Amino acid sequence: MRKNPVLNQIVQALFWVLVLIILFYVLFPFYWALKTSFTNPAELSKTALDWFPSSPTWENYRAVFQGQPFGRNLFNSLGVAAGTVIISLLLSVLSAYALGKFRFRFKSALMYIILGVSVFPQIAVLGGMYTTVRALGLYNTWGGLILSYMIFTLPFTVWVLTSFVREIPNELEEAAVVDGASPLQTLFRVMLPVMTPALVTTGLLGFIGAWNEFLFALTFTTTDVARTVPVAIGSFSGASQYENPFGQIMAASVIVTIPLIVLVLIFQRNIVSGLTAGAVKG
Amino acid sequence: MATSTPSTARRPGRNRSVEATRSRTAIWLLLPTIIVLALVAGYPLLRTIYLSFTEYNINTDPAPKGIGFDNYAFRLDDGTLSGLLTDPQWWQAVWTTVKFTVSSVVLETLLGLGMALVINSKFRARGLLRTAILVPWAVPTVVSAQMWNWMYQDNFGIISQWGRSLGLLEAGQSFVANPNTALGALVAVDVWKTAPFMALLILAGLQSIPSDMYEAADVDGASKVRQFFRLTLPLLTPALLVALIFRTLDALRVFDMPYIVKGNAPETMTMSIYARQQMIDNAQFGYGSAVSVLIFLIIMIFTVIYVTSLRVRFD
Numbered sequence: 001m002r003k004n005p006v007l008n009q010i011v012q013a014l015f016w017v018l019v020l021i022i023l024f025y026v027l028f029p030f031y032w033a034l035k036t037s038f039t040n041p042a043e044l045s046k047t048a049l050d051w052f053p054s055s056p057t058w059e060n061y062r063a064v065f066q067g068q069p070f071g072r073n074l075f076n077s078l079g080v081a082a083g084t085v086i087i088s089l090l091l092s093v094l095s096a097y098a099l100g101k102f103r104f105r106f107k108s109a110l111m112y113i114i115l116g117v118s119v120f121p122q123i124a125v126l127g128g129m130y131t132t133v134r135a136l137g138l139y140n141t142w143g144g145l146i147l148s149y150m151i152f153t154l155p156f157t158v159w160v161l162t163s164f165v166r167e168i169p170n171e172l173e174e175a176a177v178v179d180g181a182s183p184l185q186t187l188f189r190v191m192l193p194v195m196t197p198a199l200v201t202t203g204l205l206g207f208i209g210a211w212n213e214f215l216f217a218l219t220f221t222t223t224d225v226a227r228t229v230p231v232a233i234g235s236f237s238g239a240s241q242y243e244n245p246f247g248q249i250m251a252a253s254v255i256v257t258i259p260l261i262v263l264v265l266i267f268q269r270n271i272v273s274g275l276t277a278g279a280v281k282g
Numbered sequence: 001m002a003t004s005t006p007s008t009a010r011r012p013g014r015n016r017s018v019e020a021t022r023s024r025t026a027i028w029l030l031l032p033t034i035i036v037l038a039l040v041a042g043y044p045l046l047r048t049i050y051l052s053f054t055e056y057n058i059n060t061d062p063a064p065k066g067i068g069f070d071n072y073a074f075r076l077d078d079g080t081l082s083g084l085l086t087d088p089q090w091w092q093a094v095w096t097t098v099k100f101t102v103s104s105v106v107l108e109t110l111l112g113l114g115m116a117l118v119i120n121s122k123f124r125a126r127g128l129l130r131t132a133i134l135v136p137w138a139v140p141t142v143v144s145a146q147m148w149n150w151m152y153q154d155n156f157g158i159i160s161q162w163g164r165s166l167g168l169l170e171a172g173q174s175f176v177a178n179p180n181t182a183l184g185a186l187v188a189v190d191v192w193k194t195a196p197f198m199a200l201l202i203l204a205g206l207q208s209i210p211s212d213m214y215e216a217a218d219v220d221g222a223s224k225v226r227q228f229f230r231l232t233l234p235l236l237t238p239a240l241l242v243a244l245i246f247r248t249l250d251a252l253r254v255f256d257m258p259y260i261v262k263g264n265a266p267e268t269m270t271m272s273i274y275a276r277q278q279m280i281d282n283a284q285f286g287y288g289s290a291v292s293v294l295i296f297l298i299i300m301i302f303t304v305i306y307v308t309s310l311r312v313r314f315d
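Just so you know, the sequences run in chain order A and B. The first sequence runs 1 to 282 under my numbering. The second sequence runs 1 to 315 under my numbering.
These are computed hints drawn from the structure, not numbers from a lab. Since the structure is predicted, the reported quantities are computational estimates derived from the model, not experimental observations. A portion of the hints provided could be inaccurate.
What the hints assert, rightly or not - Label-pair ranges, simulated between beta-carbon atoms: (1) A:Thr57 / B:Asn155: 18 to 24 Å; (2) A:Leu90 / B:Pro210: 50 to 56 Å; (3) B:Glu170 / A:Asn8: 44 to 50 Å; (4) B:Thr60 / A:Arg189: 55 to 61 Å; (5) B:Pro62 / A:Asn40: 41 to 47 Å; (6) B:Leu166 / A:Val225: 29 to 35 Å.
Said to hold, decoys possible - Rough simulated footprint, nothing fancy, chain B against chain A, three-plus residues with beta-carbon under 8 Å: (7) 110 to 118; (8) 198 to 204.
Stated by the list, open to error - Derived list of chain B stretches under chain A, where covered just means 3 residues or more per stretch with a C-beta under 8 Å from a C-beta of chain A: (9) 23 to 33; (10) 67 to 81; (11) 133 to 143; (12) 165 to 175.
Note that CB positions come from ideal geometry on N, CA and C, so glycine has one too.
One chain only, chain A, in its complex shape:
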């Protein structure tokens, strides 16, 4: 289809306007948080609506670490998210090998149960989990959070890794079995190296999930000993709505978001494929 050049240019221009609108829409809220975080808190009430900070300052960032136990919260979040990912990857590598390469009874029933757990509303287990966590003496500890996070991380990692293991050619495993390798040797020496990309993707998505979790963290922690960043940011507040220290909230928000954005940008290809694998296959 040949179009006349003027019309073509108008269409082109409209298209670019559309691209700019989308860019503005997705990036503006984050820019606004960034801008606010660099605004001098004393001037915030005067300059809140300016598009650029007039005299950028690190003041809010300093206040977040000095006035609040934010460093501790960050440490907790890192520990909990790392623990969750390590344990769930370890468990799910074993399961994925069994589900992807072995034949046994009740396999599809088990797959459905795992899929079912992955859509469990967290709130449905909140009451039972609360009593479990207390009974195990894990209330207000990393362990309690790591344990409870298994409910959404584990089904996801098992499911995605299983679909990955299935794609590994059977010959690879059979060769190892013929050579007399035990199942665990086969798994860790032969399968695991091939699985690395899938492990990175699922590990990263699991990490993000645990890093962002709010409901369990809010309910199973009471003090800053184990309180994670989302709870800290969610409950940053002054005595009334008008006293919310938004400069500090935005600084804290930027601190926890930047690492995620960097990770996401580095691994964007893997993430997109991991998300679609997780979505299409459950």
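Take the given structure of chain A and dock chain B to it, following the hints.
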């Protein structure tokens, strides 16, 4: 779902004892996962169901006391029904959640489709745009709630400022503080956060459509609009459907974002917020568990519909 029953067909002629050994090995490999899932999903779920048939104030009662179905419904002395099933607050929470879910999922899908179509066309800044739309997805939900909370802030929020210049708001008003617009304001936050996710899933679907189909349509002289409705949309349906169902399940469970922006405010109380309020804030573990059980049933019914409808499509 096509891959849910994989073909692990081994060479024929393997003898039975090898198969038996392998199936024993499989159980051992799966055991840790099964134990953990039983501990974090199976037991708490059963415990919640059990508690829903009890009266149990976690702060004052030493132990749960069985009361049958009374949390769900019981007859008062004058014969009228009471309990969760006739609790107006619960039904209001259900209605709020449904409104939230339907409007945010519809808007996300339309917006995600639009974004995906733009990114799918060939232009120079395509990679940049594709990367940029990952930003809202990467922002933690709690952070996005606080970012928007600030933009909605009545005096100093930029959106309130825009609202004032459009004549929609008076000084000191905001979209989230007004009970009539609060839910809509929350939908906007959810849409911002998740439309990119939709766009990515839809984009994956778009890119799996072979380009020679479009070439054939061009040769046949079909217009771009006609191509979209006759070719793109039907081929995209499976991907769209999956994305839609996923987002619906998420939205039905929503807790964190509305809770951070509005707390336990009745006009934006979702089902999950109501359950947690009963259980944790009011310490009514019995009643709160009954709420949780109903939420669980709603989600599970939806999931069963989803699994069966997907099987129909992919098997």
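Per the coverage rule (Cβ-Cβ under 8 Å, at least three residues), is the segment 133 to 143 of chain B covered by chain A?
With 11 residues in contact (Cβ-Cβ under 8 Å with chain A), the coverage given for the segment 133 to 143 of chain B holds.
Evaluate the given range 55 to 61 Å for the C-beta pair formed by Thr60 (chain B) and Arg189 (chain A).
holds (57 Å)
Falls inside 50 to 56 Å, the C-beta gap from Leu90 (chain A) to Pro210 (chain B)?
violated (40 Å)
Proximity test - 8 Å, beta-carbon atoms, the segment 23 to 33 of chain B to chain A, at least three hits:
Coverage by chain A holds for the segment 23 to 33 of chain B (8 residues, Cβ < 8 Å).
Taking the CB of Glu170 (chain B) and the CB of Asn8 (chain A), does the distance hold inside 44 to 50 Å?
holds (46 Å)
Tell me if chain A covers the segment 67 to 81 of chain B under the three-residue, 8 Å CB rule, please?
This one is violated; 0 residues, fewer than the three required, reach chain A with a Cβ under 8 Å.
Three-residue Cβ test at 8 Å for the coverage of the segment 198 to 204 of chain A by chain B
violated (count 0)
Can you let me know if the beta-carbon spacing of Pro62 (chain B) and Asn40 (chain A) is within 41 to 47 Å?
Since Pro62 (chain B) and Asn40 (chain A) have Cβ atoms about 55 Å apart, the given range 41 to 47 Å is violated.
Confirm or reject the claim that Leu166 (chain B) and Val225 (chain A) have a C-beta distance inside 29 to 35 Å.
Distance hint for Leu166 (chain B), Val225 (chain A) is violated at roughly 47 Å.
Within the segment 165 to 175 of chain B, is the number of residues with a Cβ closer than 8 Å to a Cβ of chain A three or more?
violated (count 0)
Within 8 Å of chain B (C-beta), three or more residues of the segment 110 to 118 of chain A:
Coverage by chain B holds for the segment 110 to 118 of chain A (8 residues, Cβ < 8 Å).
Please check whether Thr57 (chain A) and Asn155 (chain B) have a Cβ separation lying inside 18 to 24 Å.
holds (22 Å)
Checked against the numbered hints above, the structure breaks hints 2, 5, 6, 8, 10 and 12 and satisfies the rest.
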